[in-house]
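Visitor: So the sequences go chain by chain: A and B.
Each residue of the first sequence is one higher than the one before, counting from 1 in our numbering.
Each residue of the second sequence is one higher than the one before, counting from 1001 in our numbering.
Check each hint, because a few of them may be wrong.
Claimed, not checked - Heads up, simulated DSBU-like pairs for lysine-lysine below, C-alpha to C-alpha not over 35 Å straight-line:
no. : chain 1 : residue 1 : chain 2 : residue 2
1   : B       : Lys1019   : A       : Lys111
2   : B       : Lys1166   : B       : Lys1026
3   : B       : Lys1124   : A       : Lys287
4   : B       : Lys1287   : A       : Lys124
5   : B       : Lys1111   : B       : Lys1124
6   : A       : Lys115    : B       : Lys1124
7   : B       : Lys1113   : A       : Lys124
8   : A       : Lys386    : A       : Lys361
9   : A       : Lys26     : B       : Lys1111
10  : B       : Lys1026   : A       : Lys111
11  : B       : Lys1130   : A       : Lys113
12  : A       : Lys210    : A       : Lys266
13  : A       : Lys222    : A       : Lys358
14  : A       : Lys404    : A       : Lys365
15  : B       : Lys1365   : B       : Lys1404
16  : A       : Lys124    : B       : Lys1111
17  : B       : Lys1404   : B       : Lys1243
18  : B       : Lys1113   : A       : Lys130
19  : A       : Lys115    : A       : Lys166
20  : A       : Lys130    : B       : Lys1111
21  : A       : Lys124    : B       : Lys1115
22  : A       : Lys358    : A       : Lys404
23  : B       : Lys1287   : A       : Lys32
24  : B       : Lys1230   : B       : Lys1124
25  : B       : Lys1032   : A       : Lys287
26  : A       : Lys210    : A       : Lys234
27  : B       : Lys1130   : A       : Lys111
28  : A       : Lys130    : B       : Lys1287
29  : B       : Lys1230   : B       : Lys1243
30  : B       : Lys1115   : A       : Lys130
31  : A       : Lys130    : A       : Lys222
32  : B       : Lys1124   : A       : Lys113
Said to hold, decoys possible - Per the computed footprint, the stretches of chain A lying under chain B, defined by three or more beta-carbons under 8 Å from a beta-carbon of chain B, are:
no. : segment
33  : 55–62
34  : 76–88
Said to hold, decoys possible - Cβ pair distances, simulated, as ranges:
no. : chain 1 : residue 1 : chain 2 : residue 2 : range
35  : A       : Lys115    : B       : Asn1118   : 25 to 35 Å
36  : A       : Lys166    : B       : Thr1059   : 28 to 38 Å
37  : A       : Gly90     : B       : Ser1282   : 24 to 34 Å
38  : A       : Ala313    : B       : Asn1118   : 39 to 49 Å
39  : B       : Lys1273   : A       : Asn33     : 54 to 64 Å
40  : A       : Gln89     : B       : Ser1282   : 29 to 39 Å
Hint data in this document are derived by calculation from the structure and do not stem from the laboratory.
Quick reminder that beta carbons are idealized off the backbone N, C-alpha and C, glycines included.
2 protein chains.
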Amino acid sequence: MKSLVVQKYGGTSVGDVQKIMHVADKIIELRKNGKDVIVILSAMSGETNRLVGLAHSITPTPNQREMDRLLCTGEMVTIALLAICLENQGYPAISLTGRQMGILTDSSYTKAKIKEINSDVIQKYLDAGKVVVAAGFQGIDETGNVTTLGRGGSDTSAVAIAAAMKASICEIYTDVDGVYTADPRIIKEARRIDRISYEEMLELASLGAKVLHSRSVEFGLKYNVPILVKSTFKEGGGTLVTKEDSSMEDIVVSGLSCLKEQAKVKFIDVKDKPGIAATIFSSIADKNIVVDMIIQNVGSDGLTDLSFTIDAADVDSIKPTLQEISTSIDAEYSIDSNISKVSVVGAGMRSHSGIASKMFKELGKSGINIQMISTSEIKISIVVNKNDTDRAMQVLHDCFELGKS
Amino acid sequence: MKSLVVQKYGGTSVGDVQKIMHVADKIIELRKNGKDVIVILSAMSGETNRLVGLAHSITPTPNQREMDRLLCTGEMVTIALLAICLENQGYPAISLTGRQMGILTDSSYTKAKIKEINSDVIQKYLDAGKVVVAAGFQGIDETGNVTTLGRGGSDTSAVAIAAAMKASICEIYTDVDGVYTADPRIIKEARRIDRISYEEMLELASLGAKVLHSRSVEFGLKYNVPILVKSTFKEGGGTLVTKEDSSMEDIVVSGLSCLKEQAKVKFIDVKDKPGIAATIFSSIADKNIVVDMIIQNVGSDGLTDLSFTIDAADVDSIKPTLQEISTSIDAEYSIDSNISKVSVVGAGMRSHSGIASKMFKELGKSGINIQMISTSEIKISIVVNKNDTDRAMQVLHDCFELGKS
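Assemble the whole structure, with the sequences as input and the hints as a guide.
Guide: Here's what the structure looks like:
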């Protein structure tokens, strides 16, 4: 069996015909070295936004099935163009849509989840000596309608295809050369991480490190497909997302992330009795609004304050629900959009204590007030005033010496 | 059974979101009147050219399968947007691609011909009370690859769908309000024709009256689907393309058309012996170059001049073949790109004589030299110097009094 390479190129890597020709050159190099190649593409950068803009100029709430019909066209354009490049240079290639590859998803239009991939079709074309150029971001549901996987979904397509084809690795080419200890635009000492565990990457990805789609990391973890994130435009470097090993445990804190578009909702003087939290959060869940950190402090007077964070984009749509809850439980509420969430992530936290106290102490010394705290096995998240975000990131990056390799 | 309306809107009619919303309004009007509606759309005006441009910036000869994968995306965008408009206004709609409608074609990528349509899928959605928004221009071949029908192919999609669904008429909405006796940009007295036979329309369509795709008229003729060509932006008017009836025979000349991008090839002093013409034209056919008018004059000396016209776009690619032929039959050749073809079309010619002589006499009086002549039952075509084209059109429009209704 020939060795198989699975590569995914994001929107900026296929942003125009020149860049697509550059991708073709990279693939031809692999073919010359005798590799089988599957390449997964995103739409040209800006194209998905353009299509969303067209739909939103009609209505803010377009029909979701039709939205996916619209959005799936961006990847069809790039895969056709790359296949044209390869064929033109004498390298047989075939573009395949989500439907043609049998990428079966559920029917949650615009945020569908992959259930199954028919590896036979892809294998047939590989066996015939073709480069398979696959459309990322898309699949079909059981009734044959096109679905899309949500923003960044092409990463997930790539890892899922790599898993289905039993590839030894999935390479994700993007416009940055890897995952950093913090956003380099905020922290200038931020350092590229060579290796990181799936679990850590999941915490970083879901917390705002925009390098990889969270679902792609979940697929990597589930099927044990190592993911190598690299720059399309720069040789070398890269971050390998892989199974946790003992060397990783020595690194207590791997990286920081922050989410700025957050809001905090607080119910004040809630009667502390069973079922109150259920009342509140089931009403919100019914509106499909995701609640993140939840904090409840019980006072001695039988009254409690209950706070939680939501996406800032959901503030307008949650208000009527909050008003209803407020009436039903007889408690006032407030919304504060002037907050950020900052997180410290590291697999080594499991075996090291004192990380939280060190973190709180250093922030305190710098006069940064912590409004909320939540922790998991490998993560500590705090809510701070939005104006303190960048400073908090800098303090934490310094105190855990993340700039040092 | 509810009455069914089939409408097709061309690229300028869906050129932006505003125009698509205007189309939605027209369809909602029909729904309010209790009609079932199938609407076939082209890509936004300019979009197909943009996509072709992208491919041609890679190579002038892109892989044809991939070209169709690329080109089929334009219609997917417009059908999704129109379905979003309709759904948003409370009118259930569903966009369907060529694949979803089971529009089976041959495998001649970029110029495929429709073989079969699965009317069940469309009927199912009509029965469910939905407006069917169908992608024009596209189908799939037997192996499941996307195909496109060639420029203007959405007209053909529309008439084929109307035939498959046994609709009583197919309405083609475009940016002109019908078929004219001549191009109104050349002849200011040109008049809109109310009714015209399929056969006359075929002669006009294939000769350069760009209103309807020829294949769509062939489908109309074959399945007897009347085609009404109308303006999207103007009420009233229109031209009905339908079966010939006795009233049409009274009209001797229905219209004129001209093709300017033509070239004339002439072989001089060819030995007049059996098989010479076959040698010449089979070599050219092997190169997939279409030869139009052919004229051969036998001289008394056993030598003959043989002329024919081709598309001006084929001049460069035919030259090597002409050189080979020239060597093999030992005759010189010349190419003249400075010509046009002008045609007079009318079903009434069948029963009226003297049209050709009147035509030649009037052109002669105006000093316009006729280089070649060819005739069919309902058409007379001539080749003139390109500079004489517009004047020849004017002379013919006047002498057959086409401006009078």
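Visitor: Which numbered hints does this structure break?
Guide: Violated hints: none at all, because every hint is consistent with the structure.
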